[in-house]
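Participant: One letter stands for each residue in the lines below.
There are 2 protein chains.
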Amino acid sequence: MSKIPYRFYLTEDQMPTQWYNLRADMKEQPAPVLNPATLKPLTEEELYPIFCKELAHQEMDSETRYVDIPEEILEMYRIYRPSPLIRAYNLEKELGTPAKIYYKFEGNNTSGSHKLNSAIAQAYYAKKQGLTSLTTETGAGQWGTALSEACAYFNLPLTVYMVKCSYLQKPYRKAVMQTFNANVVPSPSDTTEVGRKILADNPDTTGSLGCAISEAVEKAVTTEGCRYVLGSVLNQVLLHQSIIGLEAEKAMELLGEYPDVVVGCAGGGSNLGGLIAPFMRDKITGKKDVRIVAVEPASCPSFTRGKYAYDFCDTGKVTPMAKMYTLGSSFIPSANHAGGLRYHGMSPILSKLYHDGYMEAVAYEQTKVFEAATLFARVETILPAPESSHAIKGAIDEALKCKETGEAKTILFGLTGTGYFDMTAYSAYHDGTMTDYIPTDEDLKKGFDNLPVVE
Amino acid sequence: MSKIPYRFYLTEDQMPTQWYNLRADMKEQPAPVLNPATLKPLTEEELYPIFCKELAHQEMDSETRYVDIPEEILEMYRIYRPSPLIRAYNLEKELGTPAKIYYKFEGNNTSGSHKLNSAIAQAYYAKKQGLTSLTTETGAGQWGTALSEACAYFNLPLTVYMVKCSYLQKPYRKAVMQTFNANVVPSPSDTTEVGRKILADNPDTTGSLGCAISEAVEKAVTTEGCRYVLGSVLNQVLLHQSIIGLEAEKAMELLGEYPDVVVGCAGGGSNLGGLIAPFMRDKITGKKDVRIVAVEPASCPSFTRGKYAYDFCDTGKVTPMAKMYTLGSSFIPSANHAGGLRYHGMSPILSKLYHDGYMEAVAYEQTKVFEAATLFARVETILPAPESSHAIKGAIDEALKCKETGEAKTILFGLTGTGYFDMTAYSAYHDGTMTDYIPTDEDLKKGFDNLPVVE
Numbered sequence: 001m002s003k004i005p006y007r008f009y010l011t012e013d014q015m016p017t018q019w020y021n022l023r024a025d026m027k028e029q030p031a032p033v034l035n036p037a038t039l040k041p042l043t044e045e046e047l048y049p050i051f052c053k054e055l056a057h058q059e060m061d062s063e064t065r066y067v068d069i070p071e072e073i074l075e076m077y078r079i080y081r082p083s084p085l086i087r088a089y090n091l092e093k094e095l096g097t098p099a100k101i102y103y104k105f106e107g108n109n110t111s112g113s114h115k116l117n118s119a120i121a122q123a124y125y126a127k128k129q130g131l132t133s134l135t136t137e138t139g140a141g142q143w144g145t146a147l148s149e150a151c152a153y154f155n156l157p158l159t160v161y162m163v164k165c166s167y168l169q170k171p172y173r174k175a176v177m178q179t180f181n182a183n184v185v186p187s188p189s190d191t192t193e194v195g196r197k198i199l200a201d202n203p204d205t206t207g208s209l210g211c212a213i214s215e216a217v218e219k220a221v222t223t224e225g226c227r228y229v230l231g232s233v234l235n236q237v238l239l240h241q242s243i244i245g246l247e248a249e250k251a252m253e254l255l256g257e258y259p260d261v262v263v264g265c266a267g268g269g270s271n272l273g274g275l276i277a278p279f280m281r282d283k284i285t286g287k288k289d290v291r292i293v294a295v296e297p298a299s300c301p302s303f304t305r306g307k308y309a310y311d312f313c314d315t316g317k318v319t320p321m322a323k324m325y326t327l328g329s330s331f332i333p334s335a336n337h338a339g340g341l342r343y344h345g346m347s348p349i350l351s352k353l354y355h356d357g358y359m360e361a362v363a364y365e366q367t368k369v370f371e372a373a374t375l376f377a378r379v380e381t382i383l384p385a386p387e388s389s390h391a392i393k394g395a396i397d398e399a400l401k402c403k404e405t406g407e408a409k410t411i412l413f414g415l416t417g418t419g420y421f422d423m424t425a426y427s428a429y430h431d432g433t434m435t436d437y438i439p440t441d442e443d444l445k446k447g448f449d450n451l452p453v454v455e
Numbered sequence: 001m002s003k004i005p006y007r008f009y010l011t012e013d014q015m016p017t018q019w020y021n022l023r024a025d026m027k028e029q030p031a032p033v034l035n036p037a038t039l040k041p042l043t044e045e046e047l048y049p050i051f052c053k054e055l056a057h058q059e060m061d062s063e064t065r066y067v068d069i070p071e072e073i074l075e076m077y078r079i080y081r082p083s084p085l086i087r088a089y090n091l092e093k094e095l096g097t098p099a100k101i102y103y104k105f106e107g108n109n110t111s112g113s114h115k116l117n118s119a120i121a122q123a124y125y126a127k128k129q130g131l132t133s134l135t136t137e138t139g140a141g142q143w144g145t146a147l148s149e150a151c152a153y154f155n156l157p158l159t160v161y162m163v164k165c166s167y168l169q170k171p172y173r174k175a176v177m178q179t180f181n182a183n184v185v186p187s188p189s190d191t192t193e194v195g196r197k198i199l200a201d202n203p204d205t206t207g208s209l210g211c212a213i214s215e216a217v218e219k220a221v222t223t224e225g226c227r228y229v230l231g232s233v234l235n236q237v238l239l240h241q242s243i244i245g246l247e248a249e250k251a252m253e254l255l256g257e258y259p260d261v262v263v264g265c266a267g268g269g270s271n272l273g274g275l276i277a278p279f280m281r282d283k284i285t286g287k288k289d290v291r292i293v294a295v296e297p298a299s300c301p302s303f304t305r306g307k308y309a310y311d312f313c314d315t316g317k318v319t320p321m322a323k324m325y326t327l328g329s330s331f332i333p334s335a336n337h338a339g340g341l342r343y344h345g346m347s348p349i350l351s352k353l354y355h356d357g358y359m360e361a362v363a364y365e366q367t368k369v370f371e372a373a374t375l376f377a378r379v380e381t382i383l384p385a386p387e388s389s390h391a392i393k394g395a396i397d398e399a400l401k402c403k404e405t406g407e408a409k410t411i412l413f414g415l416t417g418t419g420y421f422d423m424t425a426y427s428a429y430h431d432g433t434m435t436d437y438i439p440t441d442e443d444l445k446k447g448f449d450n451l452p453v454v455e
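Chains A and B, in that order, give the protein sequences. When we follow this note's numbering, the leftmost residue of the first sequence carries the number 1, and every step to the right adds one. When we follow this note's numbering, the leftmost residue of the second sequence carries the number 1, and every step to the right adds one.
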């Protein structure tokens, strides 16, 4: 028997009871979020119409290093956590690499992804404040599913604006949300002003996360007792998702390990920011030297080809403006199958860290990503989500570099979820009908030309 | 924090390294399987054209009590096992029952069910014997997916005959099998003589497990280097699936628990036979007194309304005859959504135990089962398969009995898998378009009238 097990689970009493707030250790803070009307930094109070109070506080709080997780949230975490830390012995063997590959697998819950970690927190705080409904958007459907589950658990009505291409490609994903009582609306829709406007301008659009956010925000601010919740990008989301990294850190510590490289897929940054949190802390504070690699789709390359600039978080320009790596809020990415990574922007925290040289980023075409996913599925017996498979591809490439150099590095990657609702994409890959799309510089220029002027 | 955790995992060195063969402790053996041509008991050698040698041996071996699991199989088990033993605190609270409810959850692997436990063993022994391909049938698609995974892992070509109603209802399930390289054929098909005959007699049939078995067996015996493998009913399958019960027993022992009632869903008996193995051993040997409850669909009530008689295992009557609870091999069940439970017969081992009074059985209509499934999903954050949900319904009813009597019984049930590919069924339930079908006595009589005469 191998000394280190294939799957390692923390026991309940080893599970973290606090989230970690990376901002508390950052040498420089992310640029403040701006009120688009005044171009002045937003206050916590100005966020109250959009977010419930506790979440608005978490959004703005850059000082509290560790935040106690309320017992009600820990209760629900214990239903599906800890997630396993898996040693990818079979993948290592298949690649013939001297590297040790670990992955933190977040797909073992009905939402199928890590998104549930923040959904529970956001639903809990909303319920505690006495709110009576929530709205959100979903791309791949993972966030919508997660929030539906959390809202069903806390008995809160929910409307989900689902990016139309996912709504059409993934009817079963929609059915899962409905099982958890959610009202699912394809976006852009005629239920909001911004949706009607987008449809008028571009009747054939299959939507984007940016559009869906605009609709969900509008619905929230125009409905009594309703707030908006978001599954990525936000500081509060990275805070909640730090549970991933904290569990991984603890598990590796118990196994006598520490990663040389941490690899995560990056859409809005929810998984990446959570996974890397304690490792980035060690890097910032000089405790450890660790490489951090973000992996994104070549069709939506925010880090690798975007600009670090103030931009709206949504297509309809109804949200505050954040300084982040962005392709421009008017950029509508091609119908890449990793719907969860089709976002024009990026977490302001991660953007700042990337800008300051703490992280690397790499972009892959989707056919290469599905090649990695299929290889992984066959040897590791997990069917990965297309989003997660970007991290698989990144980790495989790191492991192959080790094969060349003969270095036995320790690689940790985040496997954010399962691909049970992505079989259309897998079929396209197997049929050979999947195509790659890389935006031209001209395509990107259109997005950049529409960036707001903030000086 | 609760003393007993929500989820309990054995460590790798606590995992069983042997399967348990229940026949070794049965007071009376199941009746022998008969050669349909001679009506004489089959010998191990007579099984060689259908099964590989080691599996033929396991099929006939009623004496070896514990069978060492080969290291190659343990290797693959460690990728996805142990499965968690979960304390259903939230379900208990929701029901207001004093009962303690545990479930052994087998859905945390890509095949989505317990079927992988036997698929790995069967693919391994076939490969070891130097066979060059396998055939099988699948109902709900879980067994086909599991075997596709195992065959991809051991690099063995596979043809899967998939019951046509599932093939049509579950295109994504098919796509998963294709991801693992399997050739998937809807059954009945024109690729076999028996398939062509069934289609000629009944062109509109949506198929049944019995039909698909006939086709897969015919294909295997008429193809060089090919054998047939089956995911349920067989003695060898119950042997492999004993890993479920053995892990559950060990985990409960470590938690200081022992079940008063064990509840499992029953189609062909693969999960039920595996789950109950060590508990039935204790009951047979007088070590413990435990109630064992089989749950089946009212639309296909083998235990509760079938006859204990010799019958063919398939519709086409190409297989050996087994003495079992059966609705007649010509009985084609209604298109109940729990495709994996739509089988006319039942494991001969379980049939014998039921006949001898060691087990109880209960049948439920599918709308009641989906009601239980939806309740369970909302409080336990697992989306259960329709098959598995029969056990949920059974366990809930046991827990509600405890509520009435005030008894704090310990209930263990088997949650065999996830329902990610069953969203059509969930949608039908939520839309109110799901119907129940209970065969009339007249319907059953037709099946019984076609039973073979064996005296």
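Don't read these hints as lab results, they were simulated from the structure. Be a bit skeptical, because a hint or two may be false.
Copies of one chain are not kept apart here, so a pair can be met inside one copy or by any two copies together.
Here are the simulated DSS-like pairs of lysine-lysine, each with C-alpha atoms no more than 25 Å apart in a straight line [said to hold, decoys possible]:
1) Lys-93 <-> Lys-127
2) Lys-100 <-> Lys-368
3) Lys-250 <-> Lys-445
4) Lys-93 <-> Lys-128
Participant: How would you label the pair Lys-100, Lys-368 (within, between, both, or neither) given a Cα cut-off of 25 Å?
Facilitator: within (22 Å within a copy, 48 Å between copies)
Participant: Should Lys-93 paired with Lys-127 be assigned to within, between, both, or neither, using CA atoms and 25 Å as the limit?
Facilitator: For Lys-93 and Lys-127, the Cα distance is within 25 Å only across copies (20 Å; inside one copy 48 Å).
Participant: How would you classify Lys-93 and Lys-128 at a CA-CA limit of 25 Å: within, between, both, or neither?
Facilitator: The answer is between: 20 Å across copies meets 25 Å, while 49 Å in one copy does not.
Participant: Should Lys-250 paired with Lys-445 be assigned to within, between, both, or neither, using CA atoms and 25 Å as the limit?
Facilitator: neither (44 Å within a copy, 62 Å between copies)
Checked against the numbered hints above, the structure breaks only hint 3 and satisfies the rest.
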